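S.K.: Residue numbers (numbering that gives the first Met the number 0): 0 to 389.
Rather than coming from a laboratory, the hints here were simulated on the basis of the structure.
Calculated pairs, DSBU-like style, for lysine-lysine (alpha carbon to alpha carbon, straight line, at most 35 Å): (1) LYS214 with LYS55; (2) LYS207 with LYS31; (3) LYS298 with LYS253; (4) LYS60 with LYS190; (5) LYS243 with LYS294; (6) LYS276 with LYS243; (7) LYS145 with LYS13; (8) LYS145 with LYS207; (9) LYS94 with LYS190; (10) LYS243 with LYS214; (11) LYS190 with LYS207; (12) LYS78 with LYS253; (13) LYS276 with LYS55; (14) LYS190 with LYS214; (15) LYS31 with LYS190; (16) LYS214 with LYS31; (17) LYS178 with LYS23; (18) LYS94 with LYS178; (19) LYS142 with LYS170; (20) LYS55 with LYS207; (21) LYS298 with LYS357; (22) LYS63 with LYS178; (23) LYS170 with LYS207; (24) LYS94 with LYS23; (25) LYS31 with LYS93; (26) LYS145 with LYS60; (27) LYS357 with LYS253; (28) LYS243 with LYS78; (29) LYS55 with LYS145; (30) LYS78 with LYS94; (31) LYS94 with LYS13; (32) LYS142 with LYS60; (33) LYS358 with LYS253; (34) LYS214 with LYS60; (35) LYS357 with LYS243; (36) LYS60 with LYS31; (37) LYS78 with LYS23; (38) LYS55 with LYS13; (39) LYS93 with LYS13.
Just so it is clear, the structure is predicted and the values come from calculations on it, not from any experiment.
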Amino acid sequence: MNIHEFQAKQLFAKFNVPVPRGRKTDVVDEAKAIADELAAPITVVKAQIHAGGRGKAGGVKLAKSRDQVEPLAREILGKTLVTPQTGPQGKVVKKLLIEEGVSIGHEFYLSLVVDRASASIAVVASREGGMEIEEVAAHHPEKIIKVFIDPTIGYQPFHGRRVAFALGLPKDTVNAFMKLLGSLYALFTAKDASLVEINPLVLTTDQKFIALDAKMNFDDNGLFRQDDVRAFRDLDEEEPLEIKASEHNLNYVKLDGTIGCMVNGAGLAMATMDVVKLAGGAPANFLDVGGGATKDTVKEAFGILMADPNVKGVFVNIFGGIVRCERIAGGIIDATREVNLRVPLVVRLDGTNADEGKKMLGSSGLNLEVAGTMWEGAQRIVSLSGGAAR
Numbered sequence: 000m001n002i003h004e005f006q007a008k009q010l011f012a013k014f015n016v017p018v019p020r021g022r023k024t025d026v027v028d029e030a031k032a033i034a035d036e037l038a039a040p041i042t043v044v045k046a047q048i049h050a051g052g053r054g055k056a057g058g059v060k061l062a063k064s065r066d067q068v069e070p071l072a073r074e075i076l077g078k079t080l081v082t083p084q085t086g087p088q089g090k091v092v093k094k095l096l097i098e099e100g101v102s103i104g105h106e107f108y109l110s111l112v113v114d115r116a117s118a119s120i121a122v123v124a125s126r127e128g129g130m131e132i133e134e135v136a137a138h139h140p141e142k143i144i145k146v147f148i149d150p151t152i153g154y155q156p157f158h159g160r161r162v163a164f165a166l167g168l169p170k171d172t173v174n175a176f177m178k179l180l181g182s183l184y185a186l187f188t189a190k191d192a193s194l195v196e197i198n199p200l201v202l203t204t205d206q207k208f209i210a211l212d213a214k215m216n217f218d219d220n221g222l223f224r225q226d227d228v229r230a231f232r233d234l235d236e237e238e239p240l241e242i243k244a245s246e247h248n249l250n251y252v253k254l255d256g257t258i259g260c261m262v263n264g265a266g267l268a269m270a271t272m273d274v275v276k277l278a279g280g281a282p283a284n285f286l287d288v289g290g291g292a293t294k295d296t297v298k299e300a301f302g303i304l305m306a307d308p309n310v311k312g313v314f315v316n317i318f319g320g321i322v323r324c325e326r327i328a329g330g331i332i333d334a335t336r337e338v339n340l341r342v343p344l345v346v347r348l349d350g351t352n353a354d355e356g357k358k359m360l361g362s363s364g365l366n367l368e369v370a371g372t373m374w375e376g377a378q379r380i381v382s383l384s385g386g387a388a389r
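Using the sequences and the accompanying hints, generate a full structural model.
M.R.: Shown next, in the form of structure tokens:
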């Protein structure tokens, strides 16, 4: 789950990570009032969407007087921002963060992320803050600092000193940085985060650290115990079909292709998308009905697939381990009779009671095809949907 910058900064403040003064608004007329409250020499108007790269897309503006705040808010609010992380369709700005400007001495990059390879929490830092860290890592990997924290031991002062010295911080700021990093680690672990990122972390001209930007992602599996984080969920930032799928415990991610893929298991989902691509098609989604799929689950999944106008064909690829294939077949038959299935359908069943399931599909009288293998099914659905047949 992702949250907005202003929400991340609220959590930062609770854990004593310094942030600029500011407030969120979704009304242009309120922007000037917030600027008056802040009474800062420079005010920043920032678009709040779940995507990075806002500044380059025109979503972050500096107001050198309070009179400039309202026109800038009017310019950004309601604008569609297109950044490398939004896709070509962009995202409409529905919220703004009005914030005081700070006197920047130097900009750093600082993040904490789960590192699965080392089974630890990685602190990633760089003196090249304010830039795209991916570009820095690609062209100047020597400028990226990594320090790994064993979660069974937790954050220790030597972790902070190691990062501070590697960043070349002024001697009289090292203790403040160690305290900040410790607070950030406490926030990361207490809230079940998968990523905490500050870019840039600013050292002001009077030698104080401030998180000028803030980004947080959370492990969905830990949200059940994070009431305050769940309350931050913004449905305006989510794909409507993904919201509907989550209501039925389906894992669905909308993609840009034309082949609807219904599978059980994340690994099989990835393999199915790969094989569709190899056959010359492009997946329209990632839809995992889970290992305990039922007839009702399959019917809901079909409804979601058919709600996407880009879908030109559906490939059902099920391996019956825990789930029984004849139950999936029954769900497919019921769903195709109830849902307006306007596109070709190819089904591949394997595993528990697969033969029984295939017989049910074959004798259903429905306009569908049963494939013997995953590769055969992928080739067939791509061909039937007008893709590059092989």
